[in-house]
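Student: Protein sequence lines, in the order shown, are assigned to chains B and V. Going by full-length UniProt numbering, the first sequence opens with residue 1, and the numbers climb by one from there. Going by full-length UniProt numbering, the second sequence opens with residue 1, and the numbers climb by one from there.
Derived by calculation from the structure, the hints in this document are not laboratory data. Glycine included, C-beta positions come from ideal geometry on N, C-alpha and C. Take these hints with a grain of salt, some might be off.
[As the list claims (entries may be wrong)] A short, non-exhaustive set of chain B residues, derived as facing chain V with CB atoms under 8 Å:
1. Arg-25
2. Val-27
3. Val-184
4. Ala-266
5. Val-328
6. Gly-357
7. Asp-360
8. Leu-364
[To be verified] In silico negatives: residues of chain B with every beta carbon more than 10 Å from chain V:
9. Ala-30
10. Leu-51
11. Thr-76
12. Thr-193
13. Gln-271
14. Asp-279
15. Glu-285
16. Arg-302
17. Ala-367
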Amino acid sequence: MMRLDVDPALLLETEEQRQLRAVLRDVLTAACGPERVREQAASPRGFDRVLWDRLGGEIGVHGLAVPEEYGGAGYTFAELAVALEETGRVLCPAPLLPTVVLAGEALLASGDRRACERWLPGIASGARTATVAGVLHPARVAAERGPGGWLLRGEADFVPDGAGAELLLVAARAPDGTRLFACVPDAATCRRTARRVLDPTRRQAHLRFTGAAAEPVGEPGQVPATAAAVLDAGRAALAAEHVGGSAHALDATLDHVSHRTQFGRAIGSFQAIKHRLADLLVAIEGARSAASYASACLALRRSELPVAASAAAVACTHAYRLATTEYVQLHGGIGFTWEHPAHLYVRRARGDEALFGTGDDQALRLAGLLGLAGRGG
Amino acid sequence: MSGIPEPAEFRAEARDWLTGVAKERTAHRHWGRGDDSVAVFENWTEPEERAHTDLTRQWERTRYDQGWGALGWPSEYGGRELPSYYEQLYRAEEAAFEVPRRTEVFPVTQQLVAPAIRIWGTDEQKRRWLPPMLRTDELACQLFSETEAGSDLAGVRTRAVREGDGWVVRGHKVWTSGARVATWGVAVCRTAPDAPRHAGITVLLVRMDAPGVTVRPIRQMTGGASFNEVYLDDVFVPDTDRLGPVGEGWRVTLTVLAAERLDSGGLGLDNAERALDLARHLPRPLTDGEQQQAAGLYVRGLVQRLTGLRVTAALAAGREPGAEASVGKLCATATMRATTDLVQQLLGPRLAADTGEWGTFAWTEHLLGAPGYRIAGGSDEIQRNILAERVLGLPKEPKGERS
């Protein structure tokens, strides 16, 4: 069971991925530094559309994992994961996760060619933001066939980027079973209320549908499989982001403890500090291994994906928690100030655990997948 | 280059060869039958240790003689000059066959001592030592630690004094595994007592059957004896058995220690897997907390394995591995501890009192053995210092006044 049938080369960064990382690191350092992140998150739409267009157009991040037939670049999730690691590193508030990963995967997993042709090119180019509703958290949305087509009624909460997304993929109860629907929301039939959020760089909203027009995506009865695919893609994506965020926390903390002097020495020369950072490095390298494996499994559409994605979620959630905790603590008082970016990372780490489940939730799911449950239950 | 098969081709060849010389492991261990030992350190009597060593040596000789040992070594030492990770590819295949489990003296000889000889030895020494060590005709143990020189190994007090065409060695070494079966002991000796600590050290290879060498087993906390103390009472060592220059022994020692640190990535995985089997087969449903704990152990094992693969991948691609190469031992000791914690939780009273049931009280061997690995081969604390100072680049701790 623990024998891994994986080509070690898949865990290694390719030259192309290395170049993509370098380009993104430069662009994001310039356009998405700590001050800019705050400005962007506080802006009306919550992110910088110019940067978004640049990522989607010039660099082509959005289309990386989208097949060419739907306007994408036809690379794999492994390349997208590199981009997510970099955006996660700076807490870029752009809604890549809901648009490209959640909505993108929902469309691909639905197998509905017409819907993919209709919506994926806009996602791949960056022309359209999108998200999913009723997939990550239970929702009460019903779909009924009206004279002019399908209409959605009901509520969905905790929808990532729900107030701003230009396309919603909604799991709704229809007379013939739960189905996925594509809905371009308008204010008259979809009331969208932004929630106050722990993590300002990742918005959430409550949605109330009052007869919103929608088109079915895929067939009835498909939703559980589609939702499972969306969640696994989300876990793998978040794992990559968490590796990036954790690596930033480690780098920033290393820089601080190397320069901060107390008792006449750099505090980084004290073993009490060193050993904690060594432990953090171990956790981050483990998270990196688990995230790469999950990305490789998703890129190759391997059957191990559910296990790999859950394991990555456990490892990366743990690492990010530890990294952000140490980020604040080892910075001392300055790390507890509003002005210091450390709390933004704490907010991201903890806010993300509410998206697809806490580390403990993921571990329980993993135990189920692996049959680690004893007998006679 | 000619003669370097593609990895897939190499693995297939290895499989073919193994099929001819060894028995394939039965598809899956049968739960509840067979050997339920999960000992971290063997608890052998001397005859048992000798018998098992002979068996393993036989297998290593078969490998070597048929071109499947010494894979990464030049042909003059009986090797095939394959890239270093081919050894790992080979081992992945070998794991599916019933072959004797290599006790520590084998990797110490082949993976730690032989490479150090290759770097530091004279041509004559390489010719004399490398083929028999790679073929395991000769086995080498480490005469490193002393009672006053553990983590601070440069504090060794064993003296080597120049006499004629050799050295007279006097001292006391501890925690040597394989000392009863080894033919050579790699001894870290002080040759210049007045020189700064790291400068006065020289490495000598001591014949373990030389007059004045006495080996006594150390009984460890498991109740058995897997290590030894070695008394060196005026042992004569010819100067031709000195490894590396006089006074440069600290660098020679570091070569061996670095190899040791990188060689520990697979530790603890077998027992972790067994503990997960226990979680599957326990005759009651696991609580949610127990399931989470078991999944946590699975993730540790997976991550440890994947991190090892990343090192392999980097080497295979001709790149220098990064931090991933240095975290293996800390991952391994944490996996071992998590294994203990899980079986403690799952077995309850059957871990504390022997009911005679298969696969229950046997776990006490793991519980009592695992702490040893957090101390041996560079303690967890030393590993953290190494990560902090060499990988993360943090400033060194100010040393004590003696330096």
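Student: Check each numbered hint against the structure and report the violated ones by number, ascending.
Tutor: Numbers 1, 2, 3, 5, 6, 13, 14, 15, 17, in rising order.
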